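Asker: Below, each chain spelled out in residue letters.
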Amino acid sequence: MEETPRLNFMWHLVWDFRAELLRGLLTAFEVAITALILSLFVGLLFALMKMSRFALWRGIASTYVNVFRGIPALVSVVWVYFGWSLLFGYNFTVYQAGVIALTLLYSSFFAEIFRSALEAVHKGQREAGQALGMSRLRIFRSIVMPQALKIAIPNIGSMYIGMIKDTSTFTVIGLAELVFVMQSINAEYFQPFVLFTAAAGLYVAAAFLVDFVFRIVEGGLSYPKVGRVKRFLTRRKRAQIQRLVEAN
Amino acid sequence: MNALISLRGIRKSFGTSEVLHGIDLDVYPGSHTVIFGPSGSGKSTVLRSMNLLEEPTEGSVVFEGVEYGPGIPGDATPRGKKIDLRRQVGMVFQQFNLFPHLSAIDNIALSVHAVTGKSKDEALERAAQELKNVGLLKWAMNYPAQLSGGQQQRVAIARALSLDPKLMLFDEPTSALDPELVGEVLAVMRKLAETGMTMVVVTHEMGFAKEIGDQCIFMDQGYIADSGGADFFDTCTNKRTKEFIGSVL
Ligand SMILES: Nc1ncnc2c1ncn2[C@@H]1O[C@H](COP(=O)(O)OP(=O)(O)O)[C@@H](O)[C@H]1O
Ligand SMILES: [Mg+2]
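Chains A and B, in that order, are what the protein sequence lines are.
Just so you know, the numbering used here puts 158 at position 158 of the first sequence, and the rest follows in order with no gaps.
Offset between the second sequence (1-based) and the numbering used here: plus 1000.
Worth flagging that the hints you see were computed from the coordinates, not collected in a lab.
The structure presented is a predicted model; accordingly, all values stated were derived computationally and were not measured.
Among the hints, a few may not be true.
What the hints assert, rightly or not - Example chain A residues on the side facing chain B (calculated, C-beta under 7 Å, incomplete):
| hint | residue |
| --- | --- |
| 1 | M134 |
| 2 | R136 |
| 3 | L137 |
| 4 | S142 |
| 5 | V144 |
| 6 | Q147 |
| 7 | G220 |
| 8 | Y223 |
| 9 | P224 |
| 10 | I241 |
| 11 | N248 |
Said to hold, decoys possible - Restricting the straight-line Cα-Cα distance to at most 30 Å, the calculated cross-link-like pairs of lysine-lysine (DSS-like) are:
| hint | chain 1 | residue 1 | chain 2 | residue 2 |
| --- | --- | --- | --- | --- |
| 12 | A | K225 | B | K1132 |
| 13 | B | K1242 | B | K1210 |
| 14 | A | K237 | B | K1132 |
| 15 | A | K165 | A | K123 |
| 16 | A | K225 | A | K237 |
| 17 | B | K1239 | A | K230 |
| 18 | B | K1239 | B | K1210 |
| 19 | B | K1242 | A | K123 |
| 20 | B | K1120 | A | K230 |
In this text, a Cβ means the ideal position worked out from N, Cα and C, and glycines have one as well.
Required output: the full structure, derived from the provided sequences and hints.
Answerer: Right under this line is the structure:
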C-alpha cells in the first residue's frame, strides 16, 4: 500500500505554470506602467496647481490630493469598474479600470513628490534664468524640471513598486494579473502555500528589477555625468566640444 | 548724453516694511557705477530692480527711453515687457547661480540657444569663445561642482556676456569667494570695464571700487545717502560715508 506524505508541496506547479505566472506578472507590470506614465503627468499638473498664485487652483489641487490619496486601490477600482457603469452606463475594461484606479491614487502621491522636488530647487536657479531673459516655459523645462526630476526619481521608483503590488487587488474585478492567475491554479490543485510563496518571490524579484532600472535612470540624471552609458550617449557632443576647444 | 538706464522714484516694500524709499539714479553708457553700504541697506534690491528681478512697488526703470515697472500712480506711459529689459541686461550673482546639471559650456550654450534662438551648434561656438575670453576654455566640459568658486563666477560672467548685454549688473560677485580667488574674478571684471561695458557693481572691495568707479553710490537704510564721481573716495566729506569706508578698508 502506497504511503502519502502528510504535507505534499507541489513545487513543480510553479515550473509547470511558468508561462501563465509570467504573463500574470507582465500584466501587472503593464497596468502599473501605463498608470505610472499617466500619474506622472497628472501628478505634475496638480503639483503646479498647488504652487499656483491662484487660490482656486491651489484649492482644487489640495482637494484632489487629499481625497484620492485616502482611497485604497481596491475600493477605487471597484468604484471605477462597477460604479461608473451603474452611474453613467459606460463600461471600462478591467485593464482600463485598473489603470484609472491606480492613476487616481498615485497621481495624488506624485503631486506631493513633485511639489516638494520643485520647491527644493534653489530659487537662485529660477532667478538666473529670468535674469538671462529666458521664458517661463524654458526656465521650467531646461532648468527647474531636470533638477527636480533628479530629486524625485528615487521616490518615483518606490511608488512604482507600490503600484505593481496594488495591481494584486484588481483580482476582484477579474484582471488576469499574478494573484488572479495564482488563485485560478490554486482552485484546481489547492496548493496555497506553494503558490503564494511563488507569488511573493515574483513580487520581490519585480521590486529588485524596478529598483535596478530606476538606479540606472537616476545615474543618467545625475551630474557631473559619470558612467559608461552616459559617456556613450554623449560621445558625439563631447567630440564636438573637443574640436571647439582645440580650434580656439 | 542720455542715460542708458535710469531709476525714477523707486520704492520697494516687502510686506508692510518699505526697504527702498525712493531711489533716483542715472547710469550713462560706458560708465562704471559702484554701490556700497552696510548690509541690509538695500543695495541688492536696487540692483535687482534694474532688471525687475525685484518688481518695485512704485517707480520706473527707464532703459534706452522705454519705461518699465509700475511707474507712479496715475502715470499712463506705456510700459515695456520685463523679458525685453532682461534680454539687454546681464546679471552676476553673489552665489554664481550656475546651472548644476549642465557643464560650463552648456550653461552658456543653453542661454544663447534659448534666448537668441541661435542653433545649438552656433550656440556652442559662441559659448566656446566666451569661455576662452575668461580663460576657461579648457574647463568647458566640467560641471559647476568640478570648478572652484572663482572659476564658477568667471563662467557666470561669460554666460551673461554671451547674450551681448548693454548693461552688466554685479551683486557682490566676490563676496562668496575664498580670498585667494577674488583676484581672478576682479581681473575679468577689470578687463570688461576696459572694453567700455556699462557696469553697475555692488561690492565691498573698496580698492577695486576706487579703481573702476566713475560714479560712486553710498547706500544707507534704503536711501542713497551719498554719491560722487571718480574722486569720491578721496574727496567725500560725509561723516557716515567716511566711517563706513574706514570700517571696510
Ligand atoms: N525677499 C525679501 N523679503 C523680505 N525682506 C527682504 C527681501 N529681500 C530683502 N529684504 C529686506 O530688504 C532690506 C534690504 O535688503 P538688501 O537689498 O538685500 O540689502 P543689501 O544688499 O544692502 O544687504 C533688508 O532689510 C532685507 O531684510
Ligand atoms: Mg546684498
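Asker: Are there hints from earlier that the structure breaks, and if so, what are their numbers?
Answerer: 2, 3, 5, 7, 15, 17, 19
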